[in-house]
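Undergrad: Residue numbers (the working numbering), protein chains in the order written: chain A, 1 to 271; chain B, 1 to 292.
Heads up, a few of these hints could be off.
[Claimed, not checked] Pairs of lysine to aspartate or glutamate residues, derived as EDC-like cross-links and limited to a Cα-Cα distance of at most 20 Å, are as follows:
1) LYS97(A) - GLU124(B)
2) LYS204(B) - ASP184(A)
3) LYS97(A) - ASP184(A)
4) LYS62(A) - GLU231(B)
It should be emphasised that the hints constitute simulated quantities derived from the structure, not laboratory data.
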Amino acid sequence: MAILAKQMIAGRQETGWRRAIEDSLLITGRNLIRLRRNPIIIVAIAIFPIVFLAGFWLVGQKLMAAQGVNYIQYLVPIINLQALFFSGLGSSLMFAKDIESGMMNRCRAMPISRVSTIAGLVAAYMVRALLATLILLLVAYVIFGFRAESNLLEWLGYLTLVVTFTATCITGYSILAIKLRRPDLVNAIAIIPYTPLLLLSNGFSPTENFPTWLQPIVRYQPVSVTCDALRSLVAGSDGSFPLFCYSFLWLIGLLALFGFLAVRAYKRLIV
Amino acid sequence: MQQNNVNNPSTNNPSTVNTSDINRDDIAAIVAARQEGGLGRTLHDIFIVAWRNMLIDFRNPASLVVSALFATSLLFVFTASFAQVVSPGEGFSGYAQFLLPFAAVQGLLFNTVDIGGFFYNDLENGMDVRLRAMPIARLAAIGGRLLSSGARLLIQLLTIVIAGHFIGFRFQGSPLATLGFFLLPVIFTLSIALIGFYVAVGAKSAETVSAVLNPWILPFTFLSVGYVPVEGFPNWAKPIVTRNPVSILSDAMRAMASGEPALKNVVIISLCSLALCLLFGTLTVRAYQRRI
Chain A
1 MAILAKQMIA GRQETGWRRA IEDSLLITGR NLIRLRRNPI IIVAIAIFPI
51 VFLAGFWLVG QKLMAAQGVN YIQYLVPIIN LQALFFSGLG SSLMFAKDIE
101 SGMMNRCRAM PISRVSTIAG LVAAYMVRAL LATLILLLVA YVIFGFRAES
151 NLLEWLGYLT LVVTFTATCI TGYSILAIKL RRPDLVNAIA IIPYTPLLLL
201 SNGFSPTENF PTWLQPIVRY QPVSVTCDAL RSLVAGSDGS FPLFCYSFLW
251 LIGLLALFGF LAVRAYKRLI V
Chain B
1 MQQNNVNNPS TNNPSTVNTS DINRDDIAAI VAARQEGGLG RTLHDIFIVA
51 WRNMLIDFRN PASLVVSALF ATSLLFVFTA SFAQVVSPGE GFSGYAQFLL
101 PFAAVQGLLF NTVDIGGFFY NDLENGMDVR LRAMPIARLA AIGGRLLSSG
151 ARLLIQLLTI VIAGHFIGFR FQGSPLATLG FFLLPVIFTL SIALIGFYVA
201 VGAKSAETVS AVLNPWILPF TFLSVGYVPV EGFPNWAKPI VTRNPVSILS
251 DAMRAMASGE PALKNVVIIS LCSLALCLLF GTLTVRAYQR RI
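This is chain B alone, in the form it adopts within the complex (with noise of 0.2 Å):
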C-alpha cells in the first residue's frame, strides 16, 4: 500500500525519473517514519485523545458536575435518613464512615452509563471515522475514552470525600491503604464501564447503553452492604449479598480508610477487575475492528 502511495506521483509526472531509480531502502525508511505500531506510539495516542475529551469535559462542566455533586447528595440525604434506622441512637458520623465508601461506589457505577454513551458519540459522531482516517493508533479511541473515563471518575471519588469529610469521614490507615482506597474502584468501574463500551460499539442508538447497563446496576448495589450491614437481609439474600463484587469492594475501600487489612478483598476486586477487562476488553476491541 504504501509502496504505491510513494510512487504514485512519480507515475503521474513524466518529467520524473524512472520509478526503478528509486531506492528501495528509502521508501522502507519513510514507512518506518509513519510507523503506527509500537507501545509509545500507542500511548502517546491514547493520552492525546484522553486529553482531548478531558478538554471538552472542562468545557462544558455540566455534566462532570452534576455527576459528582448527584453521588455526593446521595451520600448527605442517605445518611441523614438512615443513619438512625441502622444504627439507632448513634451519632451520623460513624454511619457516614460506614457509608461513604458504597455511596462512592454507587456514584461511580452510575457514571458508567453516562461513560459507555460518551463513547457510543465519539463513534456515531464522526470523531472515530475522523481518527481512523489518522495516522494515530488504532486503539487511541477506546483507550482515550477509558483514560479520560477513569480522571473524570477520579475528580468525583475526591468530590465525595472531600464532601464525606464534612460529616464526619476520616481517613485513619497508611498513605499507601488511601491510595488503594482511591484507585480500587476506579479500577473496577472502568472494568464494568468497557461492557458499557462494547453494548456501544454495537448499539443503534445511546439509550441502548443505558437499558443494557441500568437494570443491573442498581440491583447490584442494591444488594450489597451498602446501606446496612448484612445482618439488615433477609437470610436467604444474605449469601447474595456477601459475595456481591461491590459488597467486596465497598468492604475494601472501608477497611483501607479506616486502616484495617483489606489484602485479601483488595486481591479479589483486582481479579475480578482483571479478568472483566480481559473479557470486554477483547470484545470490545473486536467489535470494533470490524465495525464501518
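Next up, chain A with everything else stripped away, as it sits in the complex (with noise of 0.2 Å):
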C-alpha cells in the first residue's frame, strides 16, 4: 500500500525540470495562440517600428548629416530595442488581463510547475520580440540600406543583447502587472518608463546634443550603454566587446533585481 501511495505521489510529482519545462512550453503555446488570434499583432510587430524608423530617419537624416553622423546606422539599435520594450509592454496588458480574468487563479489551482506562467509569458513575448527584430533588420536593410559589418560572433553579441533586454523589460513589467492588476491601470501607466529610459538617451540624439547636466545621466543608462554596444557590434569595430561587458552586466543586474522583485510580488499574488 505504502509503496503504490508514493508510486501515485510520484507521478503527481509537479516539481523538476523537466515538469517545469514542458508546463511552460504548454503555456507558451497557449499565449502564442491568443497573440496570433489578434490581428492587431501586425500593426504593433511589423508598422509600428518601422513607421518609427522611417520617421526620425525623415525628420533627422539631414540634421545629423550636418553633424557628420549616418543617421540611419545610428537610428536602426534604438528603434531595434524600442521594439523591443514595446514588446514587453504588452506583455504587462496580456498579464494584468490574465490575472483579472482568473486565468491565473486557474493555473495555481492546477497541478503545473509555479514557474510555467511567468516562463509562458517571458517566452511568447520573446518569439514576438524576435520576429519584430527579424523583421526590422530587413527592411532597414533593403529599403533604408542600413549596413552591418558584423562578423558571426558580433551578431551572436547582437542577439545575446536583444534577449537580454527583452527578457529585463518583460520581466520589470511583469512586476507593474502583478501590483496593479487592472487592465485599463496598467494601459494607462505603462507608458511613463518610456521617455526617461529610451527618449532619453544617446539613442536618437548624440550625449553631445543634451544639456551639460543631463549628459552623465544621458551617458551611462543602461539603454544608451546598450545602444552604443549594438551600434559597435553593428560596425564590427574592435572595441565592441567591452561595451557588449557593460551593457551586458547592466542587463544582467536588472533582470536578477527585476526577478527577484517579480517572483516577490508573484507569490505574494492572491487574487
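Hints given; two lone chains; assemble the complex.
TA: Take a look at the structure:
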C-alpha cells in the first residue's frame, strides 16, 4: 500500500526541471495562440517599428548629416530596442488581463509548475520581440540601406543583447502587472518609463547634444550603454567587446533585480 | 406607441371608466411633456453625460494625468535632445517656443486613440444600452463623450503650456490669439477623434481603434514641421510636409503664440475640422442608430 501511494504521488509530481520546461512550453503555446488570433499584432510587430524608423530618419537625417552622423546606422539600434521595449509593455497588459480574468487562479489550482506562468509569458513575448527584430533589420537593410559589418561572433553578441534586453523589459513590466492587476490601469501607466529610458538616451541624438548637466545620465543609463554596444557590434569595430560587457552587466543586473522583485510579488499575489 | 402605453393600465383594470372617456388632448399633453427631442433638451442631456464621463476621469485620474504628463515629457526630452541639432549653438528656450505647439498637437492627437477606446467601452459595457432605454436625447452618448473629451484635451493642453513656461515658452500675442491657441487644436483633435468614434461603433474589440488610428497618426506627426523646420527634410518630402494639416496647425499655433498674423492657417484648419466633423459625425450617428 505504502509503495503504491508513493508511486501515485510520484506520478503527480509537480516539480523538476523537465516538468517545469514542459509546462512552460504549454503556457507559451497558449499565449502565442492568443497573440496570433489578434490581427492587430501585425501592426505592433511589423508596422510600428518601421514607421518610427522612417519617421525619425526623415526628420533627422539631414540635420544629423550636418553633425557628421550617418543617421540610419545610428538609428536602427534604438528602434530595435524600442520594439523590444514595447513587447515588454504588451506583455504586462496580457499578464494583467490574465490576473483579472482568473487565468492565474486557474493555473494556481492546476497541477502545473509554478514558474510556468511567468516563463510562458516571457517566452511568448520573446518570440514576438525576435520576430519584430528580424522584420526591422530586413526592412532597414532592403529599403533604408542599413548595412552591418559584423562577423558571426558579433551577430551572436547582438542577439544576446536583444534577448537579454527583452527578458529584462518583460520581467520589469510583469511587476507592474502583478502590483496593479487592472488592465486599464496598466494600460494607462505602462508608457511612463518610455520617456526617461528610451528618449532620454543617446539612441536618437548623440549625448553631446543634451544640456551639460544631463549628459552624465544620458551617457551611462542602461539603454544608452546597450545602444552603444549594438552600434559598435553592427559596425564591427574593435572596441565592441568591452561595450558588450558593460551593456550585458547592466542588463543582467537589472534582470536579477526585477526577477527577484517579480517572484516575490507573484508569491504574494492571491487574487 | 405612447398612446398605447397610456391606455394599457386602464384596459387591464376593469374598475376604471370607459377608455373612450379619456381626453385625447390630455394624452397629447403627456406625450409632449415626455418629449425627448428639441435643441435645449439635447444639449442638456449631452451635458449630463459629459459630466458623468468627466467624473469618472476625475475619480480615476491615472489615464488623464499620465497622458498629460507623457506629452509634457516628450516636450522636455525633445527640447533637450534636438535643440542643438536643429539650431546648433543657440539656447534651448528658442526651440521650446518652436516645439511646444507641435508637442501639444502631438500629445492631443495621441489621445484620439484613448478617446475612441473610451467610446468603444461606452458602447460595450452596458452604458449605451442603459442610455438607449432612458428618455434622453439620442445624441447624448456621442455628444457627451465628445464634450468630455474636449475638456480632457483642454486640461492636457493647459498642463503642457504651464510646463512649457518653465523652459521658456511665452505667449506674446493678444488675448484673442491666446484663446485661439487653446481652442484650435482641441477642435481639430476632436474632429480626428470622430474618425475613432466611427471605427469604434463598428469595432469588435477595443484594440481595433488603436490599430486603425495609430499607423496614421505617427506618420502625420513625423511628416510635419514639428520637430524640425521644413528645410530639414529631403526635397521630395517638402511638398507633403508643408501641406500636412499637422504642420499648418502647428504653424498657426506658433503664429498665435508669438503674436504674428495667423488668419489664413486658422481658416484652413477650421475648414478641415468642419469637413471632418460633418463627414464622420454623420457617419458615426448613422452607424450608431443602426447598431443593436
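Undergrad: What are the numbers of the hints the structure violates, in ascending order?
TA: none
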